[in-house]
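Q: Chains A and B, in that order, give the protein sequences. Quick note on numbering: my numbering labels position 94 of the first sequence as 94, and the sequence is numbered without any gaps. Quick note on numbering: my numbering labels position 26 of the second sequence as 26, and the sequence is numbered without any gaps.
Simulated from the structure, these hints should not be mistaken for laboratory data. Computed from a prediction, not measured in an experiment: that's the story for all the values here. There could be a bad hint or two in this list.
Straight-line distance between alpha carbons at most 27 Å, and here's what the computed DSS-like set of lysine-lysine pairs gives [what the hints assert, rightly or not]:
1) Lys21/B <-> Lys331/A
2) Lys275/A <-> Lys243/A
3) Lys91/B <-> Lys185/A
4) Lys350/A <-> Lys325/A
5) Lys319/A <-> Lys170/A
6) Lys243/A <-> Lys91/B
7) Lys243/A <-> Lys14/B
8) Lys99/A <-> Lys350/A
9) Lys46/A <-> Lys91/B
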Amino acid sequence: MNAPAGLDFAGIPERIQSEVQRAIQRSIKGVEYFSTSGPTLGSTPKDVLHSRGTMSLYHYRPMSDEIYRIPILIVMATTNRGYILDLVPGQSFIEFLLKRGYDVYMLDWSAPRPEEKSLRMEDYVLDFIPDCIRRVQQDSGEQDVSVIGYCFGGVLSLLYGSIHKDGPMKNLICFTTPIDFREMKLFSNFSDRRYFDVDRLVDSVGNVPPEMILSSFEMLRPASRAASQIQLWENIWNDEFVKSYRMFDRWATDTLPLAGEYFRTITKDLMWDNKLFNDTMSVGGRAAKLEDIKVPFLHAVAEHDHIVPYEAAKHLIAKIGSEDKEEVMLKGGHVSLVAGANAVKRLWPKLDSWLGKRST
Amino acid sequence: MTDKSNDPIAVWQKMVGEMEKGFNSFANQAMSSPEFSQAVNRAGGVAAGAQKQLGELMEKYLVSMNLPSREQVIGLAERLQSIEGQIGEIKSMLSQMAASSGVSQGSDAALRPPRTKRPPSEGGEQT
Numbered sequence: 001m002n003a004p005a006g007l008d009f010a011g012i013p014e015r016i017q018s019e020v021q022r023a024i025q026r027s028i029k030g031v032e033y034f035s036t037s038g039p040t041l042g043s044t045p046k047d048v049l050h051s052r053g054t055m056s057l058y059h060y061r062p063m064s065d066e067i068y069r070i071p072i073l074i075v076m077a078t079t080n081r082g083y084i085l086d087l088v089p090g091q092s093f094i095e096f097l098l099k100r101g102y103d104v105y106m107l108d109w110s111a112p113r114p115e116e117k118s119l120r121m122e123d124y125v126l127d128f129i130p131d132c133i134r135r136v137q138q139d140s141g142e143q144d145v146s147v148i149g150y151c152f153g154g155v156l157s158l159l160y161g162s163i164h165k166d167g168p169m170k171n172l173i174c175f176t177t178p179i180d181f182r183e184m185k186l187f188s189n190f191s192d193r194r195y196f197d198v199d200r201l202v203d204s205v206g207n208v209p210p211e212m213i214l215s216s217f218e219m220l221r222p223a224s225r226a227a228s229q230i231q232l233w234e235n236i237w238n239d240e241f242v243k244s245y246r247m248f249d250r251w252a253t254d255t256l257p258l259a260g261e262y263f264r265t266i267t268k269d270l271m272w273d274n275k276l277f278n279d280t281m282s283v284g285g286r287a288a289k290l291e292d293i294k295v296p297f298l299h300a301v302a303e304h305d306h307i308v309p310y311e312a313a314k315h316l317i318a319k320i321g322s323e324d325k326e327e328v329m330l331k332g333g334h335v336s337l338v339a340g341a342n343a344v345k346r347l348w349p350k351l352d353s354w355l356g357k358r359s360t
Numbered sequence: 001m002t003d004k005s006n007d008p009i010a011v012w013q014k015m016v017g018e019m020e021k022g023f024n025s026f027a028n029q030a031m032s033s034p035e036f037s038q039a040v041n042r043a044g045g046v047a048a049g050a051q052k053q054l055g056e057l058m059e060k061y062l063v064s065m066n067l068p069s070r071e072q073v074i075g076l077a078e079r080l081q082s083i084e085g086q087i088g089e090i091k092s093m094l095s096q097m098a099a100s101s102g103v104s105q106g107s108d109a110a111l112r113p114p115r116t117k118r119p120p121s122e123g124g125e126q127t
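Using the sequences and the hints given, assemble the complete structure.
A: Right under this line is the structure:
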């Protein structure tokens with residue numbers, strides 16, 4: 001009998017042996033998986049400079065002998081925890097920045113408490129961020145501050161920067177930041193004003209529950225959770241794969257609730273009326289136009305971003321008023337752009353070369 | 001080692017990947033329709049209403065059991081939060097006073113590196 005074309009009979013015993021070994025490893029490692037808690041995340045040494053309700057301001061301890069004059073404030077997205085930027089040593093964006101000589105602060109969020117359901121966009125843009133900037137100035141002794149905003153943290157940073165056009169923000173970097181919310185097609189459809197009664201939802205639940213936020217993210221790729229669990233089982237013998245899976249899975253499912261009033265504004269002003277894109281956005285009665293941002297600006301976007309598609313982010317660079325501005329598109333998705341092995345090779349060095357010369 | 005195109009495990013993995021892509025794409029198309037939005041939001045509205053009613057019922061039950069109501073617990077939390085805030089402010093003021101009087105705080109403040117770093121191209125260094 002002839003072998004079917006292309007089938008390598010000689011390699012079959014070796015392949016069977018390898019699969020049997022992996023099957024044994026899977027059983028052993030599978031038990032380990034359920035009996036251990038995974039790597040410790042966000043362990044770069046830091047001090048809590050200030051904490052107020054949902055808001056926390058961290059200062060990371062410097063890791064180099066001399067640091068750049070201008071400190072960095074990272075503004076995290078309000079839906080997720082900041083430790084995505086500080087996973088484990090060797091895969092931590094924060095650690096990278098510290099070793100490259102930056103003085104790093106982070107505005108991170110915890111779940112808003114029930115009584116914080118009335119927090120508005122004004123509280124985030126006109127109170128929390130300016131308060132943190134003041135504290136960074138005070139702590140560092142420097143007037144200038146560079147701001148890095150990730151995802152919706154980028155939107156908040158844009159709103160802050162367009163309203164506080166006279167400073168003290170010295171440089172602005174946004175990672176995967178949407179401004180044209182019509183182009184976030186599925187989110188736009190989920191929140192279709194004809195069917196989505198945001199007032200009823202917020203008035204009923206107060207803060208928008210994290211399960212709702214998480215399921216709306218997961219609905220963007222409904223098969224991916226099941227597929228990733230199949231991949232986990234196949235690769236459970238591989239310690240590096242499991243470590244990486246656990247880090248990202250823990251972060252992705254550690255979604256935060258959103259303050260009710262804040263969510264109402266996001267839905268009405270951004271999702272429905274697309275005000276940031278249309279230059280009609282205002283916060284607390286103060287106009288927020290992107291053309292008023294004049295500081296050096298870098299926007300990093302991901303080629304395969306399924307949460308913030310490029311169409312939703314691409315007009316930002318044109319709308320920003322700065323003369324010194326650059327958009328960089330890198331391979332990867334919404335999260336792998338900023339964290340993990342790809343980010344180590346792509347985004348981080350790019351950011352360092354751009355920001356270093358603007359931080360003296 | 002066998003060629004990946006002949007390896008049944010690699011073929012299986014590829015198939016799972018393709019199925020994932022295909023299902024995601026199909027589901028995304030289905031979810032783009034107004035009918036989907038209508039159905040999801042109708043279900044969501046019912047769930048939110050039910051959650052509110054259940055919350056109110058639980059509140060009444062707790063009061064009847066002579067247990068602290070949610071409002072009271074939130075009141076306590078607010079007072080704690082206010083105390084935390086005030087402690088933070090006092091700590092911050094003390095740090096400022098210590099810094100302005102030149103007293104070492106024994107923390108990293110006195111050990112901060114100088115802000116003299118130049119980018120590699122300017123200083124000629126390679127980090």
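Q: Of all the hints numbered above, which does this structure not satisfy? Sort the numbers upward.
A: Hint check: 2, 3 and 6 fail, others pass.
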